[in-house]
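Enquirer: For reference, the chains in residue letters:
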Amino acid sequence: MKRFWITLLILVVMSGLVFAGGQKDSSSSVTAGNEVTTIRIVGKDFSPTEDVNLLFLKKVQAGFETYSGQKVNLELVQVPDGAYAEKLNLMLMGGDIPDLIYFQGGDEAVSKQGLLVDLTEYVAGSKVMQSKLQEFNKQRMANYPYLLWLAPPRARIALVREDWFTEGGGKIPVTVDDYYNLFKTIKSNHPDAFVMTATGSTSRMDFTFDHAFGLTATWIKQGGSFVYKKVSDAEKSKLAFYQKLYAEGLFDKDYVTTKWDTMEDKLYTNKVGMVFGTSGVVCDIYDTKLKDTQGVGLIALPPAKGVGQGYSVSTAKETRGWAISTTSKNPELVFKFLEYMATDEGQLTDRYGIEGVHYTVDNGVYAFTDKKSEWWPRINEVMTYNGPLPALGDLGAESWDFLGKYVVGDPDFPIPSDMAPTWDALTNLYKEYSFKIITGEYSIDKFDDFVKEWYDLGGDKITEYAQGMF
Amino acid sequence: MKGNIKKRIVKDRQMYLLLFPVILFFIIWHYIPMWGARIAFQDVMYIGANKWVGLKHFQLLFSSPVFLKVFINTVIISSMKMFLIFPLPILLAFMLNEVNSHNFRKSVQSVIYLPHFLSWVVIAGLFISLLASPEGVVNQIRIFFHLKPISYMTSTKHIRWVFVFSEVWRSIGWDSILYIAAINSIAPALYEAATIDGATHFQQAVNITLPAIIPTIITVFILNLGFFMNAGFDQVFNMMNDAVINHVDIIDTYVYRVGLMQGNYSLGTSAGLFKGIIGLVLILSTDKLSRKVTGEGVW
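Protein chains in written order, with the numbering used here: chain A, 2 to 471; chain B, 1232 to 1530.
Treat the hints as calculated values from the structure; they're not laboratory data.
Treat the hints with care, as some may be off.
[Stated by the list, open to error] Heads up, simulated DSS-like pairs for lysine-lysine below, C-alpha to C-alpha not over 27 angstroms straight-line: (1) K1379/B to K260/A; (2) K1300/B to K437/A; (3) K1388/B to K437/A; (4) K59/A to K133/A; (5) K1300/B to K447/A.
[As the list claims (entries may be wrong)] Just some of the chain B residues that point at chain A, by a computed CB distance under 7 angstroms: (6) M1276; (7) Y1277; (8) M1384.
Model, not experiment: these values are computed from the prediction.
Don't be surprised by glycine CBs; every beta carbon is placed ideally from N, CA and C.
Model the full assembly from the supplied sequences, consistent with the hints where possible.
Expert: Have a look at this one:
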C-alpha cells in the first residue's frame, strides 16, 4: 500500500512538471461593460511583470479616464520571450488578439487578412493627430493606413568626438571632400585609431553619404527608368569612396563583425572617433557615456552635400507602430487612447516617466532624477512636444534639428511576399559584393559583374514591377 | 499475446503508471503538434479557417534563387560537424578512461562540460574577440611567429572551420558523457583478465572498450543523422556576417529571415517538413544499413 501511495505521489509531481507552463486563457478582448471598459495592449519591452510599467499604466489610466470621460482598465499583455515580431505573430495566430498592438515588422501579413483597423477616418477626424503627425507620417498613412507611429524618423546621425574634431580644424564638413579631409586629419593625429566604425554593414554611414552621391531614394531614375539604388552608377561611386576610406585606414577593418555594443565600446576606448547614432536620445546616451569615460562630448555632423543633401525616409509605410485590431469591440475608444497619449498631458507621462522616480516636481519646478536615463517612451514620442523640461540633451535636440532640415521623403514600396525569397537573395548578393569591394578584395570594376548577376538572379523582374509603382 | 500484455500491465502497473505522464507528454507536445504541420499546405488565416493551397509554399521555397545554395551550405556544414566532430567525444571518453587519478579525471570532466551551458550569443562574442584581426589573441600569436594575421570571421575559406571548432569546444565534453557511462558499465573483470594475459592499454582499448561501446556509438550516430539538416541555427545566426553570408546561410537562417520574421509561417513549416522528411529517410536507411552490416540498430 505504501508503495502505491509513493507511486501515486510521484505520478502527481511528474504530471505537474509535464503540464507546467500552461497558460491561462486570456481570450477576452475589449469588454464594454456598464462601468469599466478593458483595453488590452501589447508592446515591445512593455511587460506587465515590471512594476515601473504598471505604475506608468496606472497614471496613464487616470489621465485617460478624465480625457475620455469613461472608466477604463488598461491591461498589458505579456509576449513570450524571444524576437518580438516573431512571438507577437505566433500569439496572434494562437487567437490571442489584444485591442492595441505594437508592431515592429510582420504586420503586413496581418493587415492583409483584415485584422487591423483602417485608421484613415480616425486620424482625419482627430485634431490632435492632425497637429502631431509629421508630413512623412501622413504620407506613410496614406499608403498604409494600419500603423500609427508618432516618433521621429530613425535617421542615423554622424557623431564625432569634439576634441578630435577640434584638432582637425573644427570646421563642419559640407561636401564629401570636406569629410574626407577631416578624416585624413583625424587619422594623422591619431594613427592608432580608426576614424569611424559601423555595425555589420555601411547602412549607418549611408545616411550621411547617400544623397551626396545621388542616392536620394530607394528607386532612382537612371537612363529614363527606375533602378534600385544598390545597382546604380551612384552606388558604384559611393562604394569606391568607402573602398578608399578602408584602404587608408580611416574606416574600421572589423566593421563587418562589429555589433552595436562593440561599436560603442570602440568609441569610449579611443579606438574610433566617429560613430553614427539614431537621432534623439541615443545621441545623448553616446554623448553622456563618452563624457563619463573620456571627459569629452560629441559633435553632430550634417549629411554630406553633393548631388543632393539629406536623410532618406521611406514614405511607403510605417516600419513600426501601433495598430488597432478589428476584433476590438471598441476601436473608437482605443484610438482615443492613442490620441490622449499624443496630447501634452499624455506626452508628459510618456516622455518623463514616473513622478518621484524619473522626475520630481518641487513648487512647480521640474527636475529629472538619475533614473531618468532608464526611462523611454512606451507609446509615442511626439517631435513637436515642448514640456516643462527639455526631454533631450543638447546633442539629441540638435540631431532632431537635423531631421527637420534634412529629411527627404523616399517613395519606397514594400516588396510583395511572393517576391520576398528573390529579394532576400538579391540583398545577400549585395552584402557580399559590397564587402569585398570595400575591403579591396574586389576592384571597383567588379561592381559591373555584381549588377549583371543581380539582374540575372531576379532583379530584372523586381525592377519591372517597380516601374509600375511610380 | 493480448492476454500476455494485459497480464504484464497488471503485474507492472506501478511502472506503467510512472510511465504514463511521459507518454502523455510526448503525445501532447510531440505528436499532436505534428497535426499543425498541415499549415505547410495552407495559407494561415488569423481569423477564420486556413485556406488549402496545396504545394504553393513548397514551390515558393524551392523556386528561390538561393534555395539550392542554402541547401548545399546546410549539407556541407552538417557533414563537417557530423563526420569530423562525431569521433571526438569517443576519443575523449577513451582518454579520460585511461586517467588513473580520480580527482584529476573529475576535474577535467567538470571543466569540459562547462562550455555546453554557455549560449551561442556568448560564444559568438568570445570567438569574434579571439579571432579578430589583428588584435585578437589568435592573430597576436600568429604575428608573434611572423605570420600574416587572418580575418577568420570574414574569410569564406575559414568561417566554416570556425563553426566546427567552436562546436567542438562547446559540445565535446557534454557529448562524451554517454560514452563515459558506457565505458564505466564494462565489467572490470574483462580488463583484469586482459592484464593478466599481458594486454597493453591500447590493446585493451581496441579489443575490450571499443567493441563494448559500439552499440552506443551506432545508436548515437543514427539518432544524430535524424538531425542532419539542423546545421545549428543559433551558432550560424550569431556568427554570420555580411562578408560570409552566402557561404554560411543555412535553411534555418533563411527560413527565419524570409518566413518567421515576415510572419510567413507556412513557408517556415514547409521548410521544417522538408528537413524532417530528409531526417526520417536518413534515420530509417541508416538503421537498415546498420542492421545488415553490424546486426545492431536503434530499435
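Enquirer: Determine for every hint whether it applies to the structure shown.
Expert: Quick rundown of the hints versus the structure:
Between K1379/B and K260/A the CA atoms are separated by roughly 25 angstroms; this keeps the pair inside 27 angstroms, and the hint holds. Of the supplied pair hints, the one linking K1300/B and K437/A holds, its CA atoms being roughly 19 angstroms apart against a limit of 27 angstroms. Distance check on the hinted pair: K1388/B and K437/A sit about 14 angstroms apart at the alpha-carbon level, within 27 angstroms; holds. With a CA separation close to 24 angstroms, the supplied pair K59/A and K133/A stays within the 27 angstroms bound.
For the given pair, K1300/B sits about 21 angstroms from K447/A by alpha-carbon distance, which is consistent with the 27 angstroms threshold. Annotation: interface hint on M1276/B holds; nearest CB of chain A at approximately 6 angstroms, less than 7 angstroms. A least Cβ separation of about 5 angstroms between Y1277/B and chain A falls short of the 7 angstroms threshold, and the interface hint therefore holds. With a cut of 7 angstroms, the hint placing M1384/B at the interface with chain A holds, because the nearest CB-to-CB distance is about 5 angstroms.
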